[in-house]
Amino acid sequence: MRELSLHILDLIQNSIEAGATTVILEIIEDTRVDKLIIRVSDNGRGMDPAMRSQVTDPFVTTRTTRRVGLGLPLIEMSTKRCDGYLTIHSVVGEGTVVEAGYRHSHWDRPPLGDMVETLKSIIIANSKLDFRFSHVFNDAEFSLQTSEITSILGDISLTHPDVLEWLDGYLRSNIANLYGGVPYENS
Amino acid sequence: MKTVEDLKRMREQLQSQNRLRHSGGTEIIVGMGTCGIAAGARAVMSAVLEEIAKRKLEDVKVCQTGCIGMCEREVLLDVVRPNEPRVTYGRVTPADVSKIIAEHVVNGRIVEELVVGKIVE
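Just so you know, the protein sequences line up as chains A and B, in that order. Following this note's numbering, the numbering of the first sequence begins with 332 at its first residue and continues without gaps. Following this note's numbering, the numbering of the second sequence begins with 2 at its first residue and continues without gaps.
Take these hints with a grain of salt, some might be off.
Stated by the list, open to error - With a straight-line cut-off of 30 Å between C-alpha atoms, the simulated DSS-like cross-links for lysine-lysine are:
#	chain 1	residue 1	chain 2	residue 2
1	B	Lys55	A	Lys459
2	B	Lys62	A	Lys459
3	A	Lys459	B	Lys57
4	B	Lys9	A	Lys459
Hints are computed from structural coordinates only; laboratory data are not their basis.
Produce the entire structure from the sequences given, and follow the hints as far as they go.
Given below as structure tokens:
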């Protein structure tokens, strides 16, 4: 996968398939210490130590439809290319935390990519999920929760055409602000 | 710059309109397993959302699902119209989306050349 934002979509689909009702996504970019960290925490069913130690093996999967699982091995491969790491903490019945770290300036680090499309897909296609997102770039931060949006909307659907247009614009401008140094108006 | 205030204002406006209530709208489901994502599912999803906004479709529900085992046919996109069989389209590209939405979602005509299967529930 060419973009980290596609790996993020994949990690969150894993959480959903593990039965998570809450998923927290954190992206921390700190160019001063040359780090990019992606952390996905969920309250899904978790994994026992045996499964946990095998998940980065492509020939291990929980899927019953085929015998290979490539999501985590691909992410691990991308971190290892960039002086990074992949850690997985999991407790059965409590949830899983997956953290991928990269050297921010590493030549081989994939770009974060189109986070707006990734976030839209997560929020709209999983409207029942309690999804919380935060993205930090040095001292700037953008955060959002699906519940903030749905509580304002009440009985209006997230797929209402006007809502889709608002969400696109809202995500696009706030993420651009992280990098652009424009005053951050929702802080 | 869009803000949360804009969303609140929009809600007020929408609530004041006399909105038509449809009994159970059409559902569009995009396969978002590793295989789907690698084959371009996110771009297909974006095209779906764009088309809904462009055509002002108010009763379409969008969902994602994991791998269902037909990885070689990804991107898979299902359309479920109320009281009709679930139709699965395969190897869908963003360019196919407007056709599927115009023909099937809006007008109820299945786009035969893209179909991989039909499930009668």
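Hint check:
Distance restraint check for lysine 55/B and lysine 459/A: the Cα-Cα separation of roughly 25 Å lies within the 30 Å cut-off, and the hinted pair is therefore satisfied. With a C-alpha separation of about 12 Å, the suggested pairing of lysine 62/B with lysine 459/A holds against the 30 Å cut-off. Taken as a hint, the lysine 459/A and lysine 57/B pair is honoured in the structure, with Cα atoms around 23 Å apart against an allowance of 30 Å. Proposed proximity of lysine 9/B and lysine 459/A is supported: the alpha carbons are some 20 Å apart, at most 30 Å.
Hint violations for this structure: none, all hints satisfied.
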